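S.K.: The chain contents come next:
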Amino acid sequence: TDEPSDTAAPDETATEDAGAGGEEEETADGEFFVRADFDRQLAQRDIEPEGDPATPWLQAIEPEYVDTAEFAQDGNTLCFSNASVSNPWRVTGWITMQQQVEVLQQQGLIGEFRVSDAADDDNKQISDIQAFIDAGDCNAIIISPSTTATLTPAVEAACASGVPVIVFDRGVNTDCMVTFIHPIGGYAYGADAAEFLVENLEPGSTVLALRILPGVDVLENRWAAAQEIFGDSELEVLGDEFTGGDGAEIKNIVTQYLQRGEVDGIWMDAGDGAVAAIEAFEDTGNDYPVMAGEDELSFMRKWQETGMTAVAPVYSNFQWRTPILAATMIWAGEQVPSEWVLPQDPITEDDRDDFLDRNADMPALHYAKFGGEDLPGFPTAWQDR
Amino acid sequence: MTEVASPATTLLRMSGIEKSFLGVRVLHGVDLDLRAGEVHALIGENGAGKSTLMKILAGVYQADGGTVQLDGVDVRFEHPLLAQQAGVSTVFQEFNLLPERTVAENVFLGREPRRNRLVDAGRMNAETATLLADLGLTWLTPETRVRSLSVAGQQIVEIVKALSYDARIISMDEPTAALADEEVELLYRLIVRLKERGVAILYVSHRLKEIFDLSDRVTILKDGALVDTAATAEITSDELVRKMVGRPISSFFPDKLPGTEAGDVRLEIQGGGNEQLDGIDLRVRGGEIVALAGLQGSGRTEIAHALFGVDRFTRGTVRLDGRPLTARTPRQAVRAGLALVTEDRKGEGLVLNQSIAANARLVLDAVLPRRASQSTRRIPGILSSLELVSQGSGQEVRFLSGGNQQKVVLAKWLATEPKVIVLDEPTRGIDVGAKERVYTLMRELSAQGVAILMISSELPEVLGMADRIVVLRDGRVAGELPGGPGGADEESVMALATGHDVEEEQR
Amino acid sequence: MSVTTQQPAQGPAPQRSAGARAGDLLARVFGGGSATVFALLIVVFVAIFIVNPSFAEPPSLMAFLKQAAPLMILAIGQYFVIVSGEFDLSVGSLVGAQVVIAAALIDGEDGRTVPVILLMIGFGILVGLVNGLITTLLKVQSFITTLGMMLVLYGAIRLWTGGAPTGALSEAFRQPGRGGIDMSVVRQLPWALMILIGIALIAVAVMRSSYGRTLIATGDNERAAGFSGVRVWRVRTLAFVVSSVLATLAAILIGGYAGVTAQVGQGLEFTAITAVVLGGVALGGGRGSVVAAMAGALTLEALFVLFNQLSMPSTIRPAVQGAIIIAAVAYAARERARPRHHQEVPTQPQPNHV
Amino acid sequence: MSRAVAVTGTGKAARRRLGATELVWLALVGVTVIGAILVALDDQNLFSIANTRDVLSRSSLLGFVAIGQTLVILCRSLDLSVGYVMALSSLIAATTMNGDPARVPLAIVAVLLVSGAIGLCNGLIVTVLKVNPFIATLGVGLIIKGYLDTEYQGPAGDVPSSFQQFGFSRIGPIPVSTLVMLIVAVAGILFLRKTRTGYHMFAVGGSADVARLSGIRTGRVLVTAHVLCSIAAGLGGLLIAARFGTGSALVYNSGYDLESIAAVVLGGTLLMGGRGGIGGTIAGVLILAVLDTVFNILAVDPFFKDVLRGAIIVAAVAIYARRQIDRKASRVRFGGDGGSAPPDPVPDSPVPAGSTGGAR
Ligand SMILES: Nc1ncnc2c1ncn2[C@@H]1O[C@H](COP(=O)(O)OP(=O)(O)OP(=O)(O)O)[C@@H](O)[C@H]1O
Ligand SMILES: Nc1ncnc2c1ncn2[C@@H]1O[C@H](COP(=O)(O)OP(=O)(O)OP(=O)(O)O)[C@@H](O)[C@H]1O
Ligand SMILES: [Mg+2]
Ligand SMILES: [Mg+2]
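Chains as they are written, first to last, in my numbering: chain A, 1 to 385; chain B, 1 to 507; chain C, 1 to 354; chain D, 1 to 360.
Source of the hints: derived by calculation from the structure; they are not laboratory data.
Bear in mind the structure is a predicted one, so any value in this text is a computation, not a measurement.
Be aware that one or more of the hints could be misleading.
To be verified - Label pairs and their calculated CB-CB ranges: (1) P101/D <-> G51/A: 26 to 32 Å; (2) P113/B <-> G172/D: 24 to 30 Å; (3) Q85/B <-> S48/D: 34 to 40 Å; (4) I319/D <-> R370/B: 50 to 56 Å; (5) S338/A <-> L118/C: 37 to 43 Å; (6) D74/B <-> I42/C: 48 to 54 Å; (7) R170/D <-> G261/A: 56 to 62 Å; (8) R197/B <-> I319/D: 35 to 41 Å.
What the hints assert, rightly or not - Covered stretches of chain D, as calculated for chain A (at least 3 residues, CB under 8 Å): (9) 153-163; (10) 243-253.
Beta carbons: idealized from backbone N, C-alpha and C, even for Gly.
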C-alpha cells in the first residue's frame with residue numbers, strides 16, 4: 001500500500017488552528033466529537049506503521065506491545081462473536097477471515113472455529129458472548145462488537161473469565177482485552193473524505209452529505225470529523241441526509257437536491273450506493289460532483305469510467321485477518337500490541353487503476369483493500385460467495 | 001330483591017322520543033310506558049324503529065329528543081352500563097355473546113363477582129348454575145364454551161344473561177327469531193316466571209301468535225311513529241296487522257297462481273347421508289313447493305348445505321333434472337342451477353359494506369362472469385318487482401332494514417335464473433309486509449316451473465305455503481305430510497318432528 | 001300508502017342523469033374515507049410548489065413520478081391483498097430478493113436480461129402462490145404467512161449470495177427504471193411512468209371486472225362470498241400473486257433506477273401498507289378504491305419531497321411523517337363514519353314500506 | 001348426531017380437546033426434544049447448565065415485550081411501537097441513572113411513567129381517533145424514532161454496576177432477568193384470569209360490540225392494554241440498559257416488534273383477539289429461544305436461521321389453524337356489523353369451499 005496521502009498534511013494544520021473555536025458550533029452536542037481522538041487519528045495518518053507494507057494487516061501504528069505469556073497454551077478452539085454480516089463490507093471481511101482460519105487450521109494452529117452471529121442485535125451478541133463464556137472451552141474469544149458502548153459489560157465479563165479476548169473493528173469502553181485491533185478510525189476516514197472535497201472544490205461550493213444511519217458511533221465519528229473540517233472551510237454544506245444505504249433512497253435524495261440547486265460535492269460516510277448518487281447527476285443532466293466514496297468496487301469502477309474527481313477513503317477491510325493471526329500469536333505467547341492500529345490509507349486517483357486491476361474479477365460490492373490476495377482461496381472464495 | 005309492585009305501577013315512561021341517523025328521522029316522538037309485571041309487545045314492520053327505540057332504552061343510542069323516566073325520575077343512559085345499573089337489561093336482536101368464553105363468563109360479562117378485588121370464578125360458576133337451575137335449564141353447564149352451543153342454546157344464554165341482572169325491566173328484541181317452537185315454549189315459561197316477579201318485559205316479535213300468547217299490551221310503530229297502544233285482549237290480529245301495515249292483509253298466504261302445476265322431478269335425493277344425516281329421500285318437482293320441517297338441529301340446514309356443496313353427502317345420490325349432481329362447492333351447485341338463500345342473512349348472505357347493486361350481481365360475478373354483464377341488466381327489474389325500499393342501488397346494504405336486506409339476497413339468486421331454489425328460513429326476522437312479498441315471489445317462481453325447497457321453523461308458513469311437508473328428526477326423514485288447505489295441521493307436524501304426541505307433551 | 005303508489009327507490013338509479021352518475025363516480029373514488037388523501041395530496045403539492053417553484057417544471061415532475069412509480073405499483077399490489085382482507089408483509093423482502101436475483105443471474109450481460117426478467121416474474125408468481133395457498137388452504141393468518149415469507153426470502157437470498165449481492169445488472173435491465181423517451185418539454189418521459197400508467201389502467205379495469213367485485217366481496221364477508229359461489233381461496237391467492245408480481249415489477253424499476261445495493265427493498269412493506277391505508281382503504285378488507293391507494297403512495301412520496309425541500313433535519317422527518325399519517329387516517333376515520341350515500345343522494349322521502 | 005347435542009351443546013364440551021396453551025407447551029417440548037437430539041448428534045448436551053442458562057437468558061428480553069404484546073393482541077389490537085419504546089426506555093434509564101446507584105429507583109419510575117404515557121397515546125389514538133392500531137402504533141413508533149434520532153447520536157448514559165446485575169447475575173442456572181420476566185408473566189396471567197379488566201380484555205378482543213353492550217367501557221380496557229404493553233416494553237428497555245450498561249437507540253432496528261408478534265401468535269393467541277394468553281406466549285418465546293440456542297450450538301448459518309425461523313413460525317401456526325378447522329362450529333351467528341370495523345383484518349370463519357366438508 002501507499003504512503004499516507006500527502007493531501008492530508010496541509011489541511012491538518014488548518015484544522016488544528018481553528019479547531020478549538022469551531023468545536024461547539026459544529027457538533028451540536030459534541031457527544032461524538034472527542035478532540036483528542038480526532039487529533040490523534042489525524043496525526044496517525046502520517047505515521048509510518050511498523051511492519052511489512054506487503055502485509056498491512058500485520059502492520060501497526062505506534063504499537064505498545066503487551067506480554068501474553070500468561071495466555072500461552074496448547075488449546076486451539078477459537079470462538080468468534082460476530083456482530084453480523086449484514087452489509088457488503090462485513091461480508092467481504094468475513095470471507096477473508098474464514099480463508100485465514102482455513103490456512104491456520106491446515107497448519108494445525110487452529111482447531112475448532114466456533115462462530116455466532118448476532119444479526120446486529122446487541123442483546124443477542126451479549127447472549128452469544130455469555131454462551132461462549134459459559135461453554136468454558138474457548139481458548140480465545142474474538143469479538144466484533146455491534147455497538148461500542150453497549151457491549152462493554154459483556155466484553156468485561158469475557159475478560160473476567162480468564163480467556164484471552166480480542167476485539168476488533170468497533171471498540172468497547174474497556175481495555176481489559178488483550179488486544180484491540182482497528183484501523184486508524186472514523187475521524188480519519190471522515191477527514192480524508194472532507195479534506196479531499198475542501199481541496200478540490202472552489203470556495204463557496206456546495207456539498208451534500210449522505211449518511212447511512214444515525215446513532216452508529218463509528219459513522220457518527222466520520223461525520224463529526226467532516227463537520228469539523230467543513231466548518232473551517234469555505235464550503236457550504238447543503239444538508240446531511242440519512243439514506244439507509246439504499247441506492248433508490250440515495251438517488252431520490254440527490255435528485256431532489258439537484259432540483260433545488262447546484263451540488264458540487266458529495267461526502268459519504270460509507271460508499272454503499274455511491275454509484276446511485278453519481279447516476280442522479282447523470283440522469284438530471286448535471287456535471288459530475290467532486291466525490292468521496294469508499295474503496296468499494298462499483299464506485300471505483302464508475303469513478304474510473306467517468307474520470308470524475310474523486311477519492312476513496314478506506315476503512316481497512318483487511319483488518320478481518322488480524323484477529324485470527326493475533327489469536328495464534330497469543331497462544332504462542334508472542335507479544336501483540338495492546339491497541340493494534342492498522343494503517344488506513346485512502347485510494348486516490350494515482351493508485352486507483354492499480355487496485356482495479358488487481359480486483360478485476362471481483363464482484364461489484366467488493367472492497368479493494370480486502371487484503372486476501374495471498375490466501376489460497378483467492379479469487380474464487382470472494383467471487384462465488 | 002325487586003319489590004313486587006302492583007300491576008298498575010308504571011315503572012318506565014318514554015315520551016316524545018326522537019332519533020335521527022345522519023339526518024334521517026327514524027323515530028318521531030314515540031311514547032311508551034311499561035308497568036311492573038306486564039309483557040308489553042312492540043310491533044311494527046321492518047325498519048319501523050323497534051330496535052332503535054329499544055337501544056335508546058338500553059343506553060346504546062342517545063335520543064335526540066324526548067324523555068325517559070324511571071320511577072317518575074328523569075334518566076338518561078349514556079352508556080349501556082348505566083342502563084344496566086338502573087335495572088334495565090336487554091336481549092339484543094343480534095347475538096351478543098363471546099364464542100370463546102364460557103356460559104358463566106358470558107352471563108356475568110361486565111360485572112364479574114369479585115372477592116378481594118379479584119374475580120371469583122367459583123362464585124361466578126355457582127351463581128350461573130343456580131340461575132340455570134332456577135330456570136330449569138339443568139342441561140346447560142356454566143363452564144361450557146358458548147362456541148359449542150347450538151343457535152338455540154346461544155339464544156338461551158342470551159336470555160339467561162339478561163335475567164341475571166336482577167333487572168326490573170327486560171327488553172327482548174326478537175328473542176324467538178332463531179328458536180323453534182319447542183324452545184319458544186321454554187321461553188314462554190321463563191317470561192311467565194318473570195312476570196310473577198314483577199318484572200316488566202318489552203317484547204319485540206314479528207310472530208303475531210307470540211304477541212297474543214304472551215303480551216298484556218301492545219304498542220304498534222309505523223315508520224318511526226306511534227300508531228297505537230292497546231290492551232292485547234281488546235285487539236284482533238287483523239286489526240293489528242292493519243295498523244302495522246297501514247292496510248288490511250286479506251289473505252296472508254297467497255294462493256297458487258293459475259297455471260302452476262307440478263312438472264317433472266327436478267331435484268331428487270336418494271339415500272343421502274353424511275355425519276349428520278342419514279337415509280334422506282327427497283323429491284321436488286318443478287312448480288312444487290316442498291317444505292322441510294323439524295326441530296332446531298334436526299338437520300334441515302344440513303340438507304341444504306350438503307346439496308349446495310357447503311358440506312357433502314357422503315352417501316346416496318343427488319339428481320338435478322335427472323342428471324347426477326355432486327356439488328363439492330357452492331360454485332358447482334350454482335352452475336348446475338341451484339340457489340340457496342341462507343338462514344343467516346348477514347353472516348352468509350350479504351357483503352354488508354357493498355352496494356345493493358354489487359350484492360345483487362355477486363353470484364353472477366363469481367360464477368358466471370361471462371354472462372354477468374348481460375344478466376345484470378335484469379337486476380333492476382328484479383329489485384323493483386320485489387319492491388325494495390332503498391335510497392338507490394348504490395346504497396350500502398348494511399343500512400337497509402332486515403326485510404329489504406332479504407330482498408337483496410333473493411334478487412341475487414333470482415338473477416341466476418335457478419332451476420331449484422332452496423330457501424332456508426326465508427322470512428326469519430322480516431315483517432309481515434315483506435313476508436307477503438316473499439310468499440308471492442315463491443308463488444311466481446313456482447308458476448315459472450322452479451322447484452322450491454323451503455326450510456322453515458314457522459309452522460303456519462310451512463302449512464300455508466307447501467305442497468308437501470317433509471318432516472325431519474335427528475337427521476332422518478320422519479315422515480311426509482300433505483300441505484295446503486285440508487292438508488296436515490300443526491299437531492301432526494310436531495308429532496312427527498318430536499316423535500311424541502304433542503298434546504301429551506304440552507300438558 | 002298503498003302498494004300501487006309505492007315507488008321503489010331502485011327506480012331512480014338507471015334513469016339518473018349523466019351528471020348525477022359522474023358525481024356518483026367521483027363520490028365513489030373520492031368518498032368513503034378517500035377524500036382525505038386527495039386533499040392531503042393537493043396540500044402537499046401546493047406546499048412543495050410554494051417552497052420551490054422550480055419543482056413545478058415538467059422535468060422535475062417527471063423525475064418525481066419516476067421516483068414514485070415503484071411505490072405506487074407496490075401500493076396497487078398491496079391494495080389487492082388488503083381489500084381482500086389480508087396483508088402482505090413480504091413485498092419489501094421480495095423486492096430486495098428480486099433485485100439480487102437479477103444482478104446475480106444477469107451478471108452484466110445484456111443478452112440475459114429478458115430471460116432473467118421472465119424468470120423473476122415466475123419467481124414472483126411462485127412467492128405469491130405460496131403466500132396465498134398457505135393463507136387460504138392452511139388457514140395461517142396472512143400477517144404470519146407473509147412475515148414468515150419475509151424472513152425466508154431475506155435469509156434465503158443472502159444464503160444464496162453469501163450475504164451481499166453479487167453480479168451486476170445489464171444496461172438493458174436498467175432502462176425501464178432509469179430511462180425514458182427523450183422529449184422537448186419534459187426532457188424525458190420515463191418508461192417507469194408509462195409502465196405505471198399501464199398497470200394502473202389494468203388495475204382499475206380489473207377492479208371493475210367480475211374478479212374485482214368478487215375480491216372486494218371476499219374482503220367484506222368471505223362466508224357470504226363463499227355461499228355466493230366465490231372460490232375464496234382462488235380469489236385471495238390470486239390477489240397475493242398480483243401483489244408479488246407487482247412487487248417484482250417494482251423491483252425491476254427500483255433495480256433499474258438505482259442499481260444494486262444490499263439494502264434495497266428494506267422496509268418497503270410498511271411504506272406500501274401505510275400508503276394504501278393513507279388512501280382510505282380499510283385494513284380488514286372490503287372497502288376502498290385502487291385509485292385512492294395509488295394516491296396514498298403518491299402522497300407519501302410527495303411528503304418525502306416536501307420534507308427535503310423544506311430542509312427539515314432528516315432525523316426529525318420520521319416524527320413528522322408519523323404524526324401526519326396518524327392525523328390523516330384519524331381524519332379519514334371520522335369521514336367514513338358518515339355513509340357516503342347520504343352525500344350522494346339528498347334525503348329522499350321517508351322510505352315507504354309495502 | 002343426536003338432537004340433544006344440538007340443543008344442549010354439552011356433548012361438544014365433553015370431548016373437549018387439548019387447549020391451545022397446552023398444545024404450545026407440547027410444541028415446546030417437541031422442539032426441545034428434536035433440538036436436543038440434533039445437538040446430541042453433534043456430541044453436545046442441550047440440557048447442560050450452560051445451554052439451559054443460554055436458553056433462559058435469551059428468552060428474557062423478548063419475554064417482556066411479548067407479554068405486553070399478548071395483552072394488546074388479545075384485545076384485537078397490536079403494537080408496532082414496542083421496539084422504539086424499548087430504545088427510548090433504555091436511554092431514559094441510563095441517562096437518569098447516570099452512573100449513580102442512588103438514582104436507580106428514580107430511573108425505573110421515569111421509565112415506567114414515560115412508557116406508560118406512550119401506551120396511553122397509542123391507546124387513545126386507537127380508541128378516540130379510531131385509527132387502525134397497525135397505523136397508529138407504526139405512526140407513534142415513527143414519532144419516537146424521530147425523537148431518538150434527533151436527540152441521541154448513539155448510546156448515552158451510564159448504568160451503575162449494581163443495576164447491571166439485573167442483566168447479568170443469576171440464581172442457580174436461572175438469570176435474574178428471566179426470573180423477573182417470569183414473575184411478570186405470572187402477574188400477567190393472574191391479571192388476565194383474576195381481574196375484571198383481564199376478563200374484559202378477552203371480551204373486547206372477542207367482540208367490541210358485545211363487550212360494550214354488556215356494559216364494559218371498551219375504550220378503557222383497550223387503553224389499559226396498550227399502557228401495560230408499553231410498560232412491559234419499558235421493562236424490556238430497563239433490561240437492555242442493564243445488559244448494555246448504557247442506553248441505546250439502535251435497539252429499534254432489532255425487529256422486536258414483529259418478533260414479539262410472532263412469539264405471541266406462536267404461543268397460540270389468536271391474532272384477531274379474544275383467545276389465548278400469556279402462558280402460551282411464554283412457551284412461544286421459549287420455543288424461539290431454544291431454536292436460537294440450538295442454531296448457535298450447531299453453528300447454523302445466520303441467514304439459514306432466518307429461513308428456518310420463518311418456516312417454523314408459519315408451520316406452527318398452520319398446525320394451530322388445522323385444529324381450528326376441526327373445531328369448526330359451523331353456523332354460529334355472532335354479532336351484527338355494528339359499524340365499528342374490527343381493527344384486525346384476519347377473518348376467522350372457515351371458508352365454505354373445498355376442504356371444509358372433509359374436516360368434520
Ligand atoms: N346505526 C344506524 N345508522 C343508520 N340508520 C340506522 C341505524 N340503525 C337503524 N337505522 C335505520 O333506522 C330505521 C329503524 O331501524 P330499526 O332497526 O329500529 O328497525 P326495526 O323496527 O327494529 O326493524 P326490524 O324488524 O327489521 O328489526 C331503519 O330505517 C334503519 O335503516
Ligand atoms: N352451531 C352449531 N355448532 C355445531 N354443530 C351444529 C351447530 N348447529 C347445528 N349443528 C349440528 O348440525 C346438525 C344439523 O343441524 P342443522 O342446523 O342442519 O338443523 P336445522 O334443523 O336446520 O336447524 P337450524 O334451524 O338451527 O338451522 C345438528 O346435529 C347439530 O348438532
Ligand atoms: Mg329490529
Ligand atoms: Mg336451519
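S.K.: Provide an ascending list of the numbers of those earlier hints which the structure does not satisfy.
M.R.: 1, 2, 3, 4, 5, 8
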